[in-house]
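Residue numbers (the working numbering), protein chains in the order written: chain A, 36 to 406; chain B, 2 to 187; chain C, 4 to 261.
Hints in this document: simulated from the structure, not taken from any laboratory. Predicted, not measured: the structure shown is a model, and the values here were computed from it. Built from N, CA and C at the ideal position, the CB exists for glycine as well. Worth double-checking, as some hints may not be accurate.
To be verified - From the structure, some residues in chain B lie toward chain A, with a derived Cβ separation under 10 Å:
id, residue
1, Gln3
2, Gly20
3, Gln21
4, Ala24
5, Met28
6, Glu33
7, Val34
8, Thr35
9, Pro38
10, Ser39
11, Glu58
12, Gly61
13, Ser62
14, Arg66
15, Tyr67
So you can see what is in the structure, the chains are spelled out below.
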Amino acid sequence: MAKELLKGNEAIAEAAVRSGLEAYFGYPITPQTELLEWLSVRMPELGRTFMQAESELAAINMVYGAACTGARVMTSSSSPGISLMMEGISYIAGTELPVVLVDVMRAGPGLGNIAPAQGDYNQIVHGGGHGDFRPIVLAPASVQESIDLTGEAFKLADKYRAIVVVLIDGSIGQMMEPAELPPMQQVDRQRPNWAVTGAKDRDRRILSSIYIDPENEEQTNFRLLERWNQIEANEIRYKEYYLDDAEIVVVGFGTSGRVALSAVRAARAEGIPVGLLRPISVSPFPYARLKQLSEQACGMLVVEMNSGQMLHDVQTAVGGKIPVEFYGRMGGVIPLPDEILEQISRLCYEPVAPSANPRESWMDRMDLAKN
Amino acid sequence: MQTEIVIAGFGGQGVLFAGQVLAYAAMDNGKEVTWIPSYGPEMRGGTANCTVIIADEEIGSPLVRYPQALIVMNLPSLDKYEQTVAKGGTVIVNSSLIERPIHREDLSSHLVPANEIAESLGDKRMTNVVMVGALLAVIPVLPIEAIEKALKDHLPERHKKLLPLNYQALRAGADLVHKERIGQQA
Amino acid sequence: MGLEPQFETVYKRPDTFTPTTTHYCPGCTHGIAHRLVAEVLEEMDLQEKTIGVASVGCSVFAYKYFDCDFVEAAHGRAPAMATGIKRVLPDRIVFTYQGDGDLASIGMAEIVHSTARGENITAIFVNNANYGMTGGQMAPTTLPGQKTTSSPAGRDIEDTGYPIRTAEMLATLDGAGYIVRRSLHDPKNIRKAKKAIRLAFETQERGLGFSMVELLSTCPTNWGMNPVQSLQWIEERMIPYFPLEDFKVSPNLSQVRV
Numbered sequence: 036m037a038k039e040l041l042k043g044n045e046a047i048a049e050a051a052v053r054s055g056l057e058a059y060f061g062y063p064i065t066p067q068t069e070l071l072e073w074l075s076v077r078m079p080e081l082g083r084t085f086m087q088a089e090s091e092l093a094a095i096n097m098v099y100g101a102a103c104t105g106a107r108v109m110t111s112s113s114s115p116g117i118s119l120m121m122e123g124i125s126y127i128a129g130t131e132l133p134v135v136l137v138d139v140m141r142a143g144p145g146l147g148n149i150a151p152a153q154g155d156y157n158q159i160v161h162g163g164g165h166g167d168f169r170p171i172v173l174a175p176a177s178v179q180e181s182i183d184l185t186g187e188a189f190k191l192a193d194k195y196r197a198i199v200v201v202l203i204d205g206s207i208g209q210m211m212e213p214a215e216l217p218p219m220q221q222v223d224r225q226r227p228n229w230a231v232t233g234a235k236d237r238d239r240r241i242l243s244s245i246y247i248d249p250e251n252e253e254q255t256n257f258r259l260l261e262r263w264n265q266i267e268a269n270e271i272r273y274k275e276y277y278l279d280d281a282e283i284v285v286v287g288f289g290t291s292g293r294v295a296l297s298a299v300r301a302a303r304a305e306g307i308p309v310g311l312l313r314p315i316s317v318s319p320f321p322y323a324r325l326k327q328l329s330e331q332a333c334g335m336l337v338v339e340m341n342s343g344q345m346l347h348d349v350q351t352a353v354g355g356k357i358p359v360e361f362y363g364r365m366g367g368v369i370p371l372p373d374e375i376l377e378q379i380s381r382l383c384y385e386p387v388a389p390s391a392n393p394r395e396s397w398m399d400r401m402d403l404a405k406n
Numbered sequence: 002m003q004t005e006i007v008i009a010g011f012g013g014q015g016v017l018f019a020g021q022v023l024a025y026a027a028m029d030n031g032k033e034v035t036w037i038p039s040y041g042p043e044m045r046g047g048t049a050n051c052t053v054i055i056a057d058e059e060i061g062s063p064l065v066r067y068p069q070a071l072i073v074m075n076l077p078s079l080d081k082y083e084q085t086v087a088k089g090g091t092v093i094v095n096s097s098l099i100e101r102p103i104h105r106e107d108l109s110s111h112l113v114p115a116n117e118i119a120e121s122l123g124d125k126r127m128t129n130v131v132m133v134g135a136l137l138a139v140i141p142v143l144p145i146e147a148i149e150k151a152l153k154d155h156l157p158e159r160h161k162k163l164l165p166l167n168y169q170a171l172r173a174g175a176d177l178v179h180k181e182r183i184g185q186q187a
Numbered sequence: 004m005g006l007e008p009q010f011e012t013v014y015k016r017p018d019t020f021t022p023t024t025t026h027y028c029p030g031c032t033h034g035i036a037h038r039l040v041a042e043v044l045e046e047m048d049l050q051e052k053t054i055g056v057a058s059v060g061c062s063v064f065a066y067k068y069f070d071c072d073f074v075e076a077a078h079g080r081a082p083a084m085a086t087g088i089k090r091v092l093p094d095r096i097v098f099t100y101q102g103d104g105d106l107a108s109i110g111m112a113e114i115v116h117s118t119a120r121g122e123n124i125t126a127i128f129v130n131n132a133n134y135g136m137t138g139g140q141m142a143p144t145t146l147p148g149q150k151t152t153s154s155p156a157g158r159d160i161e162d163t164g165y166p167i168r169t170a171e172m173l174a175t176l177d178g179a180g181y182i183v184r185r186s187l188h189d190p191k192n193i194r195k196a197k198k199a200i201r202l203a204f205e206t207q208e209r210g211l212g213f214s215m216v217e218l219l220s221t222c223p224t225n226w227g228m229n230p231v232q233s234l235q236w237i238e239e240r241m242i243p244y245f246p247l248e249d250f251k252v253s254p255n256l257s258q259v260r261v
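Let's have the full structure, built from the sequences with the hints guiding it.
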């Protein structure tokens, strides 16, 4: 299939359609709305289910219900709407249902604004609602990767009966790039052997996240954890750039990862031995690869469009062996390559101690920049 | 090799579509390309801009601080973006709506009375395409023919009847710059 | 031959009911409501195509008692969950079983919009004028002056506003196919309640839109009464505020004889 010029949000929507999406429930919110609009056309014309719910809360619970029937289901939203969905996400995890959720992040907290940000990292990667579970979170950085990972998300959701989040920011949602869509996959209406469809010629089935007996809940949490261990063992994804001889490693996901790529190239052009690790699965997180890199490199720079949320995961991986520095922009501001290049140069020519607090020193530098 | 172009103006001037036409043409020519608009409340409020990056390898940042080329369709856009253009960069100015000169002397600027040209062709909506034609006459990142093909393939069906007019507008923009150059050489 | 005594079955557990003891308090009429729903599902031969949606509140374990496929919703979200199921499996029968805190407080948006959409599902709405499971706090249906553990001096309408007549409100929406209120306080009313539940499921079977039966139900434990007093309290206190009426009956139901 030839490449087409596709907008991120629409590309994800069409990729979901072609992955055999059977039902979508959503609610309008910028900068995600094109996704819902695209599906409002495509799903009915294919005889599939599309519904605009009265709220994100209703949307995620409709998804919860539809997922109970074993249908391939999805919803999407942006940060404030995702906050509302936290309830349903936790129930879906507790009921062990396959669901795909797209979060097109914007700036916050609160109403914030509609500009691109990555401030939902903690909410999704280390959160995802109450209780003890972890969602799989994939963070594409381009339109093509968004398409590919949407298809992948459905497969992973089915494989692990888990919630899989495709985490992008508004700029990827709004951006157009040449990309290739997958071939059309029909809806698979065969239902898995746990689905609730009406107890015809079989015993009845109950799907619930309730385990009144603490021992049973504990067992359930162990089951989720065992599954998570498999996910950690099998589903780590990342992309590497110029790492072979890198002495400085930049780490960034999604948009900040690709902005960092420009900076890394510019630094290479200046002769600085720097490379980039762009985590694609931010949950499970590529701890092992980062640990390896910390043995090869003399410093790391984490770049995010937040105040340093993934930073802690990188620090955990590095374990204090080498200095980890941080550079972030917030509030809907996208960092530009020259800002990151400056940080790479600084790290190269003014080594810092491993014990320094990366967030504090970043704030000091930002203050200096302002004055 | 990477070319960064910012196109700015107000809503209705076809700013976003002009960028998309460049992006389509780049894609059809086997280039890497990103098109990213400013989005949000301002898109309902009047101003619009987009950044197009055309490159030979995987594109990193979809935004740049100092683009190499700028198309400005109105005065507020020139005021906002003139200082951002990279040293030695190109500015295509819609002189139909922008009366002031370019302040920076390190830029290659080209005054294109795009509204007048479009109107003389019989359709004011051609303004954006005139500007794209002029840009490509200055920075040959893509051949004019690629834009023609992109228009043919990607113009919405309801506008297909305007295709010949679009071709004319594209050539008119390019011709103006070529003539300007010949004038300078003479 | 001919000497074995002949027995006629006059009463039995419906096959749509599991052989389980319920967890409801003595004197609570949830059990009656359950039984009526189970009987209707059996009489209409719906067991194999029904998916129930349990809610959060006293009826949180409803899935244990009905012998059909069941899911358990988050608090208030049963109508949204039912919507998700019904949209994917439109030929199945989907019903929610919700209390007043669940349906008329935390889940009011979901029930209103399900009704407005004419979502072809059935809600069994048990109104016992308080939050039973959490120990008898004030609900949106708590009567003026009624003492609860969170309105110990009696519900003060100046402060907490007025009880919500949910059935009347939902009946104003065009998507409603069948909305009535019944009571479970005496055999006559129980029979009427069953007929209403039957009509609600008939509404769904015929695709006539959203159906809901609000059932006035006792809560002796939290009301601090014995079961008989509770039944009287429904009659004397609740019915005057929550009249037993048909608020919306689709004209297409007129041919249905039950």
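For each hint, the structure was consulted:
| no. | hint | in the structure |
| --- | --- | --- |
| 1 | Gln3 | holds, 9 Å |
| 2 | Gly20 | holds, 9 Å |
| 3 | Gln21 | holds, 7 Å |
| 4 | Ala24 | holds, 5 Å |
| 5 | Met28 | holds, 4 Å |
| 6 | Glu33 | holds, 7 Å |
| 7 | Val34 | holds, 6 Å |
| 8 | Thr35 | holds, 5 Å |
| 9 | Pro38 | holds, 6 Å |
| 10 | Ser39 | holds, 9 Å |
| 11 | Glu58 | holds, 9 Å |
| 12 | Gly61 | holds, 3 Å |
| 13 | Ser62 | holds, 4 Å |
| 14 | Arg66 | holds, 5 Å |
| 15 | Tyr67 | holds, 8 Å |
Checked against the numbered hints listed earlier, the structure breaks none of them; every hint is satisfied.
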